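Numbering follows UniProt numbering, with no gaps: position 85 of the sequence shown is 85.
None of these hints come from the bench; they were simulated from the model. Bear in mind that the values here come from a model prediction, so they are computed numbers and not experimental data. Hints should not be assumed to be uniformly reliable.
In the DMTMM-like style, the derived pairs of lysine to aspartate or glutamate whose C-alpha atoms are separated by at most 20 Å in a straight line are [to be verified]: (1) LYS140 <-> GLU46; (2) LYS10 <-> GLU83; (3) LYS96 <-> ASP141; (4) LYS10 <-> GLU72; (5) LYS146 <-> GLU83; (6) LYS140 <-> GLU83; (7) LYS4 <-> GLU72.
Ranges between beta-carbon positions, derived for each pair [unchecked claim]: (8) LEU16 <-> GLY117: 21 to 27 Å; (9) HIS34 <-> ALA113: 15 to 21 Å; (10) LYS4 <-> GLY54: 32 to 38 Å; (11) SER131 <-> TYR65: 19 to 25 Å; (12) GLU149 <-> GLN61: 42 to 48 Å.
Cβ coordinates follow ideal geometry from the N, Cα and C atoms, glycine included.
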Amino acid sequence: MSEKRFIVAKAGFLFLFLGLTLVQFLSFPGQFEHMRRTQGISLLIEFALTIVVGLWILCGQIALYCLWQIVESMRRNRFYSAENLNWIARLLMSFKVASVIPAVLFLMLVPQADDPGFFVLLAIVALFIFSLTATTSLLKDQIASKISE
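Please work from the sequences and hints to get the whole structure.
This is the structure:
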């Protein structure tokens, strides 16, 4: 692959990381405070949602950083290395944690739900994250078997 493709991929990861950071610190805490004032959710639910969604976004940031490192190892032709396997293991762990969070959100929000649309969206996101987890797990196993040869 040409060097330009690696630069474009890493720039994309950087912009996504910055966007997630902006959302994490500016958008969601204010959104949940607004929901508490206008829709009457409790302060405890507001804090819990802020922490859970913040953790979810943190998982995304960790995944983007791991992908950054994996692309860098590809650029250096070290994709099948123990170092890259460690980054893939970290990526897999962030996906595993992120796949638990939709279940936590579901359990937190079902008692106050009046519209099923959010839960359908949450189920779709959970299935997508689960598919990323399964694919990354298979990739990790393939790289581990290639390294051990």
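Checklist entry - In ascending order, which of the hints set out earlier in this document are inconsistent with the structure? => result 1, 12
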